[in-house]
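Residue strings, one per chain:
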Amino acid sequence: MSVVTNTTTIGAIDAPSRRNTELMLLGFAVAIPVFAYLNVGLALDGEIPAGMLGYGLGLALLAGIAHLLVRRFAKYADPLLLPLATLLNGLGLVLIWRLDQSPRLIADSMRRYGTHSGDAPQQLMYSAIGVALFLLVLVFLKDHRVLQRYTYISMVVAIVLLLLPLVPGLGADVFGAKIWIRVGPFSIQPGEFAKIVLAVFFAGYLMVKRDALALASRRFMGLYLPRGRDLGPILTIWALSLAILVLENDLGTSLLFFGMFVILLYVATERTSWIVMGLLMAVGGAVAVGSFATHVQSRVAAWLDPFECLKTAPPDTNMAWACDQMTQVLMSFGSGGTVGTGLGQGNSDLINFAVNSDFIFATVGEELGLAGAMAFILVYGLIVERGLRTALAARDPFGKLLACGLSGAFALQVFVVAGGVMGLIPLTGMTMPFLAYGGSSVIANWALIAILLRISDTARRPAPAPAPSPDAEMTQVVRP
Amino acid sequence: MNKPLRHIAIFCGLLVFALLLRDNWLQFVRADELNTHERNRRVTIERYASVRGDIIVDGKPITGSVDSKDPLYQYKRTYVDGPMWAPVTGYASQAYGSNQLEKLNDSILTGNDDRLFFDRTLSMFTGEQKKGGDVVTTLNGAAQKAAFEGLGKKKGAVAAIDPQTGRILALASTPSYDPSSFAGYSGKDEKAWVALEKDKDKPKLNRALREIYPPGSTFKVVTAAAALENGVIKDINAPTDTPEPYKLPLSTVPMKNHAGGCENASLNYAMEVSCNSVFAKLGDEVGRDKMVEMAEKFGFNNPEVDTPVRAAASVYDKKMDRGGNALSSIGQFNTATTPLQMAMVTAAIANDGKLMKPYMVDQLVAPNLDVIEKHEPEEMSRPMSPETAQLVQKMMENVVEKGTGSKAKIRDVTVGGKTGTAQHGEKNKARPYAWFISYAKTDSGSPVAVAVVVEDSDATRDDISGGGLAAPIARQVMKAVLDSRK
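Keeping their order, the protein sequence lines are chains A and B.
Mapping of the first sequence onto my numbering: residues 1 to 480, in sequence order.
Mapping of the second sequence onto my numbering: residues 1 to 486, in sequence order.
Keep in mind that the hints were calculated from the coordinates and are not lab data.
Note that the Cβ used here is the ideal one computed from N, Cα and C, for glycine as well.
Be careful, since some hints might not be right.
[Stated by the list, open to error] Cut-off 27 Å, straight-line C-alpha distance, at most; resulting in silico cross-link-like pairs (DSSO-like, lysine-lysine):
#, chain 1, residue 1, chain 2, residue 2
1, B, LYS256, B, LYS402
2, B, LYS103, B, LYS198
3, B, LYS3, A, LYS209
4, B, LYS357, B, LYS441
5, A, LYS311, B, LYS357
6, B, LYS407, B, LYS441
[To be verified] Just some of the chain B residues that point at chain A, by a computed CB distance under 8 Å:
#, residue
7, LEU15
8, ALA18
9, ASP23
10, LEU26
11, LEU34
12, ARG39
13, ARG42
14, THR44
15, VAL51
16, LEU72
17, TYR73
18, ALA313
19, VAL315
Using the sequences and the hints given, assemble the complete structure.
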């Protein structure tokens, strides 16, 4: 730690880069999933899993390369984000691999499709692509403020991404939700990428318009009501999220976008009235959609009292199906208890469908118990906390808003998924970031982490030393 | 912008806190309720995840477990000679639950019993697979086989007891079912189960324990015992003051005797040819309350005869009028009994008046063959004095020697018995039940008492009689027991 001294009295102390802390934490982030992998292998077959060495080396390699590039390209980046993401991704791979071994799911897949191939290898590939994208962002995005230039392009891209699943022939209706597009052998969930692009748009747009939105307003009953023309953007976003909900049956994504927008409006304008209005509009929209969309109604029924709903719902309907799934998930959590059944020894595969994507948190709850599930929630909480801390530290308003938008969206997504799976709020069918099976989700979230790292690097980078002032005299040092 | 940012941070913290709270609510507060919820299949999955213990007869298992390679329930129950043993074992089905011994001893069979805790812990360390304990029964394979094959295609039941200990030796019921046929949960199992449920002949009914029949003339041994105990009869060979025809009390209907020579017949003779009039009159003379007392000492009106499988309560009405009591004394009217109950009556007589509690589980054994529980013979009651019992024995032996029970004779063995033909149905139109109760005796007391009932058969009405249909089955069962003791 060199102390830069010059003729000014301001001694700029080189901020610690914390890269070694990151390296040490990465060691844990790789070791824990490797031990988890070993644990699953021992529990299921009584022997050390064959791929243990390869898996461990692969994960270590990915983490190592990422670390080296962070050292090189984002020296002052937050030291926690990369290890936390690596830990979640690694444990997600273990959980998916564990579910791949489930004889029940194998038998079910054989019955339905005649074949069964594990999802873990694919998820490993997606993770590699995700880390690659992470590195590309770090290498080529030298400064996050560049993104500011693409504010309106981002808007167009986001809307296109969100509407893509509605294009006939491209969109795929997977179990009721039209949130996928199919390109060749790949299914992509454009909503996951739209999350980042939209955050860029919101941040750029609000940075420019914040004064207009904050100040040009009338006071009414203690609230600052915006002018009609300023209401435009919020109404547009509201309509867009309702459209996603109605046309694509996607409760989660619409909640996520609207929530992120309201958060950013509040942060940009510092006006509580936006939150009040946002909440009112969200409730209004939810009630309106809930009153006629059966898809939403069955989710709400399954949320209120799944066991009762199972008895009253007509058999073989969407509602009975949703309620049955909810009861299975709840019993999964209940059977886990405080310390869980142990990796590989639970029966969360009884949930059957989407057990490795939407409901993967139920496997955590059952096999790792209350203790494990709480640890996971806290790891997610830590990521959000580091993101918000980055927003606080960022020096430019665009960086603040972008970091806040990304971490706010991340927090909302975790809350919506985990809360939905645990029956705290109605189930929305999103994926747990990093943990769940699904290429789009893993790749997009790695990119999200990369952008946060870039912002934090800029934020924590020590200010360049001021030029020496020719007027200053040398400080005299008097030796005693 | 930092102030609202801090608010957002607090908001995100609240979201995380809400998740943590909800998680605690689910996995700590509600864990037990959810874990044991009736819809939670983990309980059944766990139950069938390890090898179930066996039910043992004569040292050999009559049940088994097969690894069905099923992804949900791994081990499936199998049965050796399922239909023959079904009234003993009951069933253990992945889809339809379990009953009888399979249910009552479930914790031992699954290995979850608290008394197996040490065993379980040990096998956890040695890495052995968890296995359930065994249930060792008192049954006698040869006797069971004789009973089941003797009943053959006829509808009926057999119960055999060792009078000296109360050990149940045979418990057969026909038509029967194979518990293996619906042990799993596949479509085939469902079909088998539904077919059994719909079957008019009720094959799943355990007729030896759970069905009550009018006992007919076999009940006369109870009336005889009551008459002797209460001093109504002192000499079994003295003539009784019985008119022919005998009119029932409070009625003008004359009572019919199928046999001849019943007027003023002695008790011994009345038993030999099964005179209705004599016993109806005796029952009336003993009186309803004394008759009830005697019947209850034998185990009637007791809803808790547990072997440990609970038998249906046999009935001797406590509130009927004199005429009803007289009719009940010959096993008609309201009197109804399980085959087990009549075997208990016979056993008490054969055991010189001491009724032993019937039981069919001898031992519960841990997987490592340690005996966890052993049943000791227990006295249930003393319905009569040894003298009375010996007098009734003499009469019953006379029935086999000279009377209606001659088909139960076994060479070189003393056999006592009593036939019965119970009328039932409206105006007695239905085919009567053929009954036979008997015991065999050796120098060291009686090793076997047996009750047989044949509900229905292909024989024409005139041929249905306890002596003709039921006695040969009883004889085979007794012979099987005697042979296996040699």
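Evaluated hints:
Restraint check for LYS256 of chain B and LYS402 of chain B: satisfied, since their Cα atoms lie roughly 22 Å apart, inside the 27 Å limit. With a C-alpha separation of about 23 Å, the suggested pairing of LYS103 of chain B with LYS198 of chain B holds against the 27 Å cut-off. Our distance criterion of 27 Å between C-alpha atoms is met by LYS3 of chain B and LYS209 of chain A, whose separation comes to about 19 Å. For the hint pairing LYS357 of chain B with LYS441 of chain B, the CA-to-CA distance comes to about 19 Å; that is within 27 Å, so the pair holds.
For the given pair, LYS311 of chain A sits about 45 Å from LYS357 of chain B by alpha-carbon distance, which is inconsistent with the 27 Å threshold. Note on LYS407 of chain B and LYS441 of chain B: the hinted pairing holds, with a Cα-Cα distance of about 16 Å set against a maximum of 27 Å. Interface hint status for LEU15 of chain B: upheld, as the beta-carbon distance to the closest one in chain A is roughly 4 Å, under 8 Å. Hint on ALA18 of chain B holds. Least Cβ distance to chain A is approximately 7 Å, under the 8 Å limit.
Hint status for ASP23 of chain B relative to chain A: holds, with the closest Cβ pair at about 5 Å, below 8 Å. The restraint placing LEU26 of chain B at the interface with chain A holds, with a minimum CB-CB distance near 5 Å, inside the 8 Å limit. With a least beta-carbon distance of about 2 Å to chain A, the hint placing LEU34 of chain B at the interface is held under the 8 Å criterion. Checking ARG39 of chain B against chain A by beta carbon gives a least distance of about 6 Å; that is within 8 Å, so the hint holds.
The beta carbon of ARG42 of chain B is positioned within 8 Å of a beta carbon in chain A (closest approach about 5 Å), and the interface hint is therefore held. Evaluation of the THR44 of chain B hint against chain A yields a violated restraint, the C-beta minimum of about 11 Å exceeding 8 Å. Below 8 Å, beta-carbon pairs count as interface contacts, and VAL51 of chain B has none with chain A, the closest being about 17 Å; its hint is therefore violated. With its C-beta approaching chain A no nearer than about 6 Å, LEU72 of chain B sits inside the 8 Å limit, and its interface hint holds.
The beta carbon of TYR73 of chain B is not positioned within 8 Å of any beta carbon in chain A (closest approach about 11 Å), and the interface hint is therefore violated. Interface restraint check: ALA313 of chain B against chain A, minimum CB-CB distance 35 Å, threshold 8 Å, status violated. About 39 Å separates the beta-carbon of VAL315 of chain B from the nearest beta-carbon of chain A, more than 8 Å, and the hint is not met.
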